[in-house]
Amino acid sequence: MAEFLSLQEAVSKHINNGDTVAMEGFTHLIPFAAGHEIIRQEKRDLTLIRMTPDLVYDQMIGAGCAKKLIFSWGGNPGVGSLHRLRDAVEKGWPHQIEILEHSHAAMANAYEAGAAGLPLAVLRGYVGSDLPKVNDQIKFIECPFTGERLAAVPSVRPDVAVIHAQRADRKGNVLIEGIVGIQKEVVLAAKRSIVTVEEVVDDLGASVNACVLPSWAITAIAEAPKGAKPSYALGYYDRDNAFYKDWDGIARDRDTFQAWLKENVFEKGAA
Amino acid sequence: MSLEFTSSEMMSVTAARALTNDMTCFVGIGLPSEAANLARLTHAPDVTLIYESGTLQTKPDVLPLSIGDGELCESALTTVSVPEMFRYWLQGGHISVGFLGTAQIDRFANLNTTLIGDYREPKVRLPGGGGAPEIATNAKEVFITVKHSKRTFVKDVDFVTTVGFGRDGKARDNVPHIGRGPTVVITDLCILKPDPETKELVVTSLHPNVTREDVIEATGWDIRFADELVTTPAPTARELDVLRDLKARTNAHHSSTQSGQQ
Chain A
1 MAEFLSLQEA VSKHINNGDT VAMEGFTHLI PFAAGHEIIR QEKRDLTLIR
51 MTPDLVYDQM IGAGCAKKLI FSWGGNPGVG SLHRLRDAVE KGWPHQIEIL
101 EHSHAAMANA YEAGAAGLPL AVLRGYVGSD LPKVNDQIKF IECPFTGERL
151 AAVPSVRPDV AVIHAQRADR KGNVLIEGIV GIQKEVVLAA KRSIVTVEEV
201 VDDLGASVNA CVLPSWAITA IAEAPKGAKP SYALGYYDRD NAFYKDWDGI
251 ARDRDTFQAW LKENVFEKGA A
Chain B
1 MSLEFTSSEM MSVTAARALT NDMTCFVGIG LPSEAANLAR LTHAPDVTLI
51 YESGTLQTKP DVLPLSIGDG ELCESALTTV SVPEMFRYWL QGGHISVGFL
101 GTAQIDRFAN LNTTLIGDYR EPKVRLPGGG GAPEIATNAK EVFITVKHSK
151 RTFVKDVDFV TTVGFGRDGK ARDNVPHIGR GPTVVITDLC ILKPDPETKE
201 LVVTSLHPNV TREDVIEATG WDIRFADELV TTPAPTAREL DVLRDLKART
251 NAHHSSTQSG QQ
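Protein sequences, first through last, are from chains A and B.
So in the UniProt record's numbering, spot 177 of the first sequence is number 177, and the numbers just go up one at a time.
So in the UniProt record's numbering, spot 114 of the second sequence is number 114, and the numbers just go up one at a time.
Derived by calculation from the structure, the hints in this document are not laboratory data.
Built from N, CA and C at the ideal position, the CB exists for glycine as well.
Any given hint might turn out to be false.
To be verified - Computed list of lysine-lysine pairs in DSSO-like fashion (alpha-carbon distance at most 30 Å, straight line):
| no. | chain 1 | residue 1 | chain 2 | residue 2 |
| --- | --- | --- | --- | --- |
| 1 | B | Lys-147 | A | Lys-139 |
| 2 | B | Lys-155 | A | Lys-245 |
| 3 | A | Lys-68 | B | Lys-123 |
Said to hold, decoys possible - Computed footprint of chain B on chain A; a stretch qualifies when at least three of its residues, placed anywhere within it, have a C-beta under 8 Å from a C-beta of chain B:
| no. | stretch |
| --- | --- |
| 4 | 23-34 |
| 5 | 67-81 |
| 6 | 172-183 |
| 7 | 229-241 |
Could you build the full structure based on these sequences and the hints that come with them?
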């Protein structure tokens, strides 16, 4: 059964230096509160996995948490670059990070294979792309039945999955609504999982086919209202598009970034 | 009476016209999204728009800033998971058109969204592949829309993130279960299509008031022009009205949300 913890306790207990951590939420329900707690606890040498690193990994990379990044699209959606990611890759600040990049289709397949307990995912992908030349985790295999050449990537099996969801009931069952992305897959693929939620309620109010993660499939739950801001939580609050635009200016410069981090992360306690 | 319009408006209107009512379009963010929604709000009200965040048959009132804005989900017929989107709907063969933008494009319509320079020591690091590598091969055909400049239109891309027709124009030959690839490229200057034999991009239509010299000057290779070069029809008053309304609604929406500290 999921254990109800404070966010501070959940991160302290379940995320260790050197862990492989996948914090998901495909452009929705991005677990910012958890990311900020990881920054505050100064976790180091993490291998971070996420399809779209988004601002949350830009902040964590700039804060020095990451050793390696596995991703498929590393931009500020509709705005431009992730400047902290670029500074780490191009100039090694605050330190050099290793990157391993895929396509979205490959990563989605790799998460699903992880959830299914398989060692690899097979897809009709990467045809004609240079990505296999720079990522040794992309191979090609022959279908034993048809002879078709197909791409293969290892499944994603992180130490820890971190997601944000709308709500949990008091037993620890979790409801995810709207753009459900890859959240179910990452929790089932991981050894441990932390789910932050907007609120804990008596009744989830889930329809019969809703995306529900049962309590016994989750390690820890922490209540974190507004825990996805400036991303959004459908039914609770909208995406703060203006902040995503402002981030471009904040993150472009190391000093303004560090001042922002100090004021908005280090000097603020966990929710 | 002749209408005034910008080259960007010309590009969006022309890109929108490439879509028809019976298409199922996998939409990239940015220019493709603007064009696809303009098509839906003008001549193709029943065009099916799909975004990689899992939103099937979506009808946003304002253009999304990200591929997963709530607007896309709330106005969609239904929303599926990301693995389902890529496995069943895209790889499964349900997408007629992939509509993509790019940072660099070369003469064989290969797209680079990964980096400028050398992979291990990039001059400029770009976002990466996202959905494009598989959209370009699993959709039945691909439309591309991008602004025309020498920096963007290069002879050979620094990195093939997403295949057009490969370095030699033959990358799709004898590959089973692969789409036709790019069939049209729409820029702010012209329309280009791949040569049926060599697959090299050829200018087939110049936008109003654009000269051959303008295109030559903005292209990084010795660009060819079709024998029967035509002039792209100018935007209509209605197309311009709808586009300008859409953009005004979008700008108001994205700057009105509460900003500042988290």
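Now the hints, each set against the structure:
1. Lys-147/B x Lys-139/A: Between Lys-147/B and Lys-139/A the Cα gap is close to 34 Å, so the pair fails against 30 Å, i.e. violated.
2. Lys-155/B x Lys-245/A: Roughly 33 Å separates the two Cα atoms, so the pair is violated.
3. Lys-68/A x Lys-123/B: Given that 30 Å is the threshold and the Cα spacing comes to 20 Å, the pair holds.
4. 23-34: holds (count 4)
5. 67-81: Check passed, 9 qualifying residues.
6. 172-183: holds (count 5)
7. 229-241: Since three or more residues must qualify, the claim that chain B covers the stretch 229-241 of chain A holds, with 8 doing so at under 8 Å.
When each numbered hint is compared with the structure, violations occur for hints 1 and 2.
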